[in-house]
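**Student:** So the protein lines, in turn, are chains A and B.
Using numbering that gives the first Met the number 0, the letters of the first sequence map in sequence onto residues 0 to 543.
Using numbering that gives the first Met the number 0, the letters of the second sequence map in sequence onto residues 0 to 309.
Misleading hints may appear alongside valid ones.
[As the list claims (entries may be wrong)] Listed next, the stretches of chain B that the computed footprint assigns to chain A, with coverage defined by at least 3 CB atoms under 8 Å from CB atoms of chain A: (1) 32 to 41; (2) 220 to 231.
[Unchecked claim] Label pairs and their in silico Cβ distance ranges: (3) A:Thr388 / B:Val136: 52 to 58 Å; (4) B:Asn55 / A:Thr388: 47 to 53 Å; (5) B:Lys157 / A:Lys34: 29 to 35 Å; (6) B:Ala91 / A:Pro346: 52 to 58 Å; (7) A:Thr388 / B:Tyr152: 53 to 59 Å; (8) A:Glu417 / B:Tyr3: 42 to 48 Å.
[To be verified] Below, a list of computed lysine-lysine pairs in the BS3-like style, where the Cα atoms sit at most 27 Å apart: (9) A:Lys205 / B:Lys51; (10) A:Lys523 / B:Lys1; (11) B:Lys51 / A:Lys523; (12) A:Lys301 / A:Lys523; (13) A:Lys352 / A:Lys365; (14) A:Lys198 / B:Lys51.
Calculated from the structure, these hints are not laboratory results.
Backbone N, C-alpha and C fix where the C-beta goes; we use that ideal spot for every residue, glycine too.
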Amino acid sequence: MKKVLLFVLITATMVSFYSCNKSSEAPEAKAATPKEPVEFIINNGAEPESLDPNKIEGVPEHRIYMALFEGLVAYDPKSGRAVPGMAESWDITNGGKTYTFHLRDAVWSDGVKITAQTFVDSWLRECNPETASPYSWFPAMFIEGADAYVNGEAGPEAVNIKAVDDKTFQINLVGPLPYVIDALAHYAFAVVPIHAIEKYGDDWIKPENFVSNGPFVLEEWLPRQQLSVVPNEKYWDRKSVKLDRVIYLSNDDNNTAHNMYLNGEADWNVTVPLDQMDAVQDEPWYVNAPYLGTYYYIIENKTAPFDDVRVRKALTLAIDRETIVKKITKGGQIPAYSMVPDMDGYPVLDDPKSHNFAKDVETAKKLLADAGYAGGAGFPDDVVILYNTSEAHKKIAEFIQEQWKQNLGINVTLQNMEWATYLQQRREHNFTVARAGWIGDYPDPNTFLDMFLAPESLDGAWGGNDGRYDNPKYDALIEKAATMEAGAARFSTLKEAEKYFITEDQGVLPIYFYTSNNLIDMDKWGGWYPNVMDNHPPKTIYLK
Amino acid sequence: MKRYLLKSFLGMILTLFITITLTFFIVRAAPGGPFDRERVLPPAVQANIEAKYHLNDPLIKQYIDYMTDIIFRFDLGDSFTYNDHDVNYYIATSLPHSMLLGFISLTLATVMGVGVGIISALKQNRWPDYTAMSVAVIGISVPLFVIGPLLMYVLALKLKWLPTSGWINGRNGWVTLIMPVITLSFPYFARIARLGRASVLEVLKSDYIRTARAKGLSSAVIVFKHVLKGSLLPVVSYLGPAFAAIMTGSVVVEQIFRVPGMGTYFVKSALNRDYTLLMGAMIVYSIILIVMNFLVDVLYSVLDPRVSYE
């Protein structure tokens, strides 16, 4: 009897649940209008954690942000860099420290006007300690007084931004930070619908309450399935928006995503599974481009024998990076011997072409012998390479383990840990060698360098400098560059700093520069361009 | 019987309470926290976030607050990873999908499993038995993450009969159920078939079946009336925990076929140190498990005259 009862109960629950859901299916049925609407389906990776620009922090969320919101500046689809958005133009005064933005006439998707005051309120919401935005440190890095507000040392009045009039928004920076315009495209500087947030509170992100100012508005969000957006009729540049619907699929399985693409169920995949790399190499819809990121190994600089620069040099020279990128990662990655990837006006410090691996190994052997470990004799045998669980990290670590054994006679063991545990080991400097990766926040060398400052140059803690690299000369140069205006002089100061970090001290072991690996048929879809930031605003995408 | 029911109910509440308490402290003892990232947040930003989620309160206060919210408001709190909705929302939107998939899969597995089990036992050591038991061995030994992609490769990529993945409320509708149901029910089917076969064989040798035969009853009556009832007992006791496990979702099947069920939250929240979502999933799972075990006990007394709670 009980079992029958249970059957009935469960069936009833199901039926009521799915009949409730019927209403959400309506938009798809309605879409069958005479002219076939153009849908663009993206395998967007993990389920979005939030839609609120002041709360997001991940890449899948960023892709959705680009559809729904637009800040003072937006992303250019070709270069991935900043172009005018809500601001039509801007003036730079006060030695590069004051920016005055001239806003265009624009409204929210519900018709409410966007003014300079909306920007002031939005940025203050981002910095408000109660919002607890994970990216609040980003405005704090740029805007005068924002740091004090984020830290709770001062109120919102300390933040030096103001609405001069409805259409003029002025900000004052902590210094002449030349990369600020590119940084302003970031969601930490978003404009958010304060009027809707005040009205609905935390529920403003629900589709029925949602208000946005970007090229698209939210249509539907089914958790762990998909999120869809449709054009925003009130968007200032509505005529440039060609797609009728963009669908962001939540997908935790790379192999399924890949099969979906092969089966024509998705139009754009943002990644390729490692074991499919060989299969896609010659396909016209495989798009490979340099990406602003570095894969590297950190070394605990204050633990013997790694406190000896000759040991660190020997370890880095004994790694055959060419083989790693050709045989393991296979995604066109670029061997890296220095920290900062190639950028406009800032070529890589140590050109991979200048390296001859056989010669490097000879030098490495000699350096290790000089340090007192000839042929690996006497080298501690408890050295561990720590990495977070992943097939690619594992293969790379195994290869490097083999290389060090073969070329230097050093035995190391491998240890993988799940993400949070691995991070804690790093933060507590409880490792000797560990895998790391860094994606630039903005296209400027500073984003790859300023995390290696020592505590006395930071706030007394090691911050993200998990390997405890420590050289006052390096710190002085990074701090000097922070006060300099854009130009060759600033770049050469940063380059000098990187020379200390890599050429002199070998503070970390760079392995390769990342590439982006997208699957998209560019003969079918226009307005999508590969770029170094891997930013692809859906605004410009169209069906050819 | 009433006394027994009351006693088990109180026992269930106590078990649940202990489970929640233990889980609460164990998840917090795991290394790392919900807001650790490759990028180190400035201490002030970290403190703001921790204050927002009351992680800066003394642990015992967090515990009391959490228990109060659950007991008096059925509120499982805000997720630490997903900012826009609370844990109740994510469980309410995912559990029915897992339950539907689990329910269909387990029903299929039970019907097929019991059927195949009986046939195997009746045709013991002949070809139907060998075939069925070979399939069952495959079902038990080949993991879901092999069966799932294999099905997808054949049915979706090669034959193009089915879409690769998705769910019934998406664009492809009910056909998306086929592959996840086959994948998920296969190992359960295999276990039930083997259990069923073994227990039918045992029952067939028992005295009361011999008596039934001696009375001159037809084989159909013997099998369906006498053998089936007696031999279902081990299957029923297996179904209890199996039901709980399959209802809360299978992370492998969910990820491969993009089923928006609860299993993935269970695993992801543990990796993300999303304490509240993990606790929520844990509580739902515990409740289902405890209730199912209780129902199995009651069913036993119905099926087996030797078991009585009077």
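**Student:** Give a verdict on every hint.
**Tutor:** Here is how each hint holds up against the structure:
no., hint, result
1, 32 to 41, "holds (count 9)"
2, 220 to 231, "violated (count 0)"
3, A:Thr388 / B:Val136: 52 to 58 Å, "violated, 31 Å"
4, B:Asn55 / A:Thr388: 47 to 53 Å, "violated, 30 Å"
5, B:Lys157 / A:Lys34: 29 to 35 Å, "holds, 34 Å"
6, B:Ala91 / A:Pro346: 52 to 58 Å, "holds, 55 Å"
7, A:Thr388 / B:Tyr152: 53 to 59 Å, "violated, 26 Å"
8, A:Glu417 / B:Tyr3: 42 to 48 Å, "holds, 44 Å"
9, A:Lys205 / B:Lys51, "holds, 21 Å"
10, A:Lys523 / B:Lys1, "violated, 70 Å"
11, B:Lys51 / A:Lys523, "violated, 47 Å"
12, A:Lys301 / A:Lys523, "violated, 54 Å"
13, A:Lys352 / A:Lys365, "holds, 22 Å"
14, A:Lys198 / B:Lys51, "holds, 21 Å"
Violation of the numbered hints given earlier is confined to hints 2, 3, 4, 7, 10, 11 and 12; the remaining hints are satisfied by the structure.
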